[in-house]
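Go ahead and model the full structure; you've got the sequences and the hints to work with.
Per numbering that gives the first Met the number 0, residue 0 is the first one in the sequence shown, and the count goes up by one each step.
I should point out that these hints are in silico values taken from the structure, not numbers from a laboratory. Check each hint, because a few of them may be wrong.
Said to hold, decoys possible - Beta-carbon label-pair distances, calculated as ranges:
hint, residue 1, residue 2, range
1, 85, 135, 18 to 28 Å
2, 135, 88, 14 to 24 Å
3, 7, 96, 16 to 26 Å
4, 118, 70, 26 to 36 Å
5, 122, 79, 34 to 44 Å
6, 118, 74, 28 to 38 Å
7, 13, 82, 12 to 22 Å
Using N, Cα and C, we set each Cβ at its ideal position, and we do this for glycine too.
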Amino acid sequence: MAPQSPLTPEEAQRPLSLIFFAMLAAQVMTVGLMVFLVSQGAIQPIPSGNIFLAVGAVVALGAVSGAMAVTSVASRVRDQHLPPEEHLAKVRMLFIVRMAILEGSTIANAVFYLLYPEMIVLAFALLTFGAFIAFRPTVEAFRA
0 MAPQSPLTPE EAQRPLSLIF FAMLAAQVMT VGLMVFLVSQ GAIQPIPSGN IFLAVGAVVA
60 LGAVSGAMAV TSVASRVRDQ HLPPEEHLAK VRMLFIVRMA ILEGSTIANA VFYLLYPEMI
120 VLAFALLTFG AFIAFRPTVE AFRA
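Written out as structure tokens, the structure is:
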């Protein structure tokens, strides 16, 4: 059996791009569905839903802060001079964690918008959606 060639940054990034686009599609469908339901008046809003405004803000800001913290950890992983396979595995893991944090916030705020249909709550969902797109996995991020 021939030894496996080492994993290249391009090969490490490719599966994450697939995960990224699947998570992106889930967010687009969720936000789109919530906006559609609100526009159709399908769900009766909660009258005292101000709590969703506060929780939505905390979730959105916490998610963006968490994503930035994960990015900081990823840059420290780069400085550790790990073997290439271990480096790529850690960077992959950090990308998945960062994408999950941002996706969760987008979907949570989309649901909050359904329950408390104020544009600011939808803006929180779009903020984390924008951060999700900005923090997409790139080949450059996998280079040591």
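How the hints compare with the structure:
1. Distance hint check for residue 85 and residue 135: the Cβ-Cβ separation is about 23 Å, which falls inside the suggested range of 18 to 28 Å.
2. In this structure the supplied range 14 to 24 Å holds for residue 135 paired with residue 88, their Cβ-Cβ distance being about 19 Å.
3. Restraint check, residue 7 to residue 96: a C-beta distance of roughly 22 Å satisfies the suggested window 16 to 26 Å.
4. Checked against the given bound of 26 to 36 Å, the beta carbons of residue 118 and residue 70, roughly 29 Å apart, stay inside it.
5. Under the hint 34 to 44 Å, the C-beta atoms of residue 122 and residue 79, about 38 Å apart, fit the expected range.
6. At roughly 35 Å, the beta carbons of residue 118 and residue 74 sit within the given window of 28 to 38 Å.
7. For residue 13 and residue 82, the hinted distance range of 12 to 22 Å is satisfied, since their beta carbons lie about 20 Å from each other.
Violated hints are absent here; each numbered hint is respected by the structure.
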